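Student: Sequence:
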Amino acid sequence: MNVKLIKQLTPELKLVQYNEIPVLELSHEVGTAKISLQGAQLLSWQPTHTQQDVIWLSEIEPFNLGEAIRGGIPICYPWFGKAGTPMHGYARLQLWKLVSFDIQSDEVHLHFLLETENAEDVAHIEMTFTDEFHLEFTNYCIEKEPQLALHTYFNVADITQTEIQQLPTTTFNVLTQQQETVSSTRVITENVECIYQANEQNAIADKINNRTIEIIHENASEIVAWNPWDKETSNMSKDGHNTMICVETARISERLGEKAIGLRIRVK
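Position 136 of the sequence shown, counting from 1, maps to 136 under the numbering used here, and the rest follow consecutively.
Here are the simulated distance ranges between beta carbons: (1) Gln179 with Asp230: 22 to 32 Å; (2) Glu258 with Asp158: 33 to 43 Å; (3) Asn118 with Ile208: 42 to 52 Å; (4) Gln8 with Ser253: 39 to 49 Å; (5) Gln179 with Asp131: 37 to 47 Å; (6) Asn210 with Asn64: 33 to 43 Å; (7) Gly81 with Glu180: 15 to 25 Å; (8) Asn118 with Met1: 26 to 36 Å.
None of these hints come from the bench; they were simulated from the model. Computed from a prediction, not measured in an experiment: that's the story for all the values here. Idealized CB from N, CA, C, for every residue including glycine.
From just these sequences and the hints, can you work out the full model?
Tutor: This is the structure we're talking about:
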């Protein structure tokens, strides 16, 4: 991958180019992070107290402008899945503006804005980094009733030694198109794409890394769990599914209004 510095914004924050994609790199006392300006997409986050990255990114990602980035937290907006073209909406394929940043000794705030060609506000994202990560998404297209999914790829040591905990016990299986009764704790051993009615909090027990990742869903209506297993997936190696699980904070059946949607991640 070709990496070059575009601009040093502060001692802690710089803008670099990954092949064709501009990426912010944060190195701060609270931890490190990388955020693509295409999609305002978090690509990496490692708080200081952890030994491994919390976020999974494909090791073969080519970083081509206008192509979806495999990993991180893609912003699926203003629709989810195949509800429109392109799949999962256009927000993850467009360049967002870094409109402001605030770097304090114990926290970092980054603000991103998506605009139309006529400079009309479409959506806003605020990211806050402390010993936890908080993403808040605000929708400005009220009349169009859009959907949203924060399609978070979590990094784990071994998917077969990982538990997704505190899930609801009923889910819609997208692969079979059936409603199913399932355990509140799941271990992934096959291709999974399930949509749950949202509860407030889940956890990922990453047993080999000896850590628990807590996920708090704010104002969500659904949670989506996804792992492609051995299904061929663009920009993912054949073994890539072994070290990732997607647990998504979503508003699919209940469309977005004026109230912000949030995602909070903690590592213990």
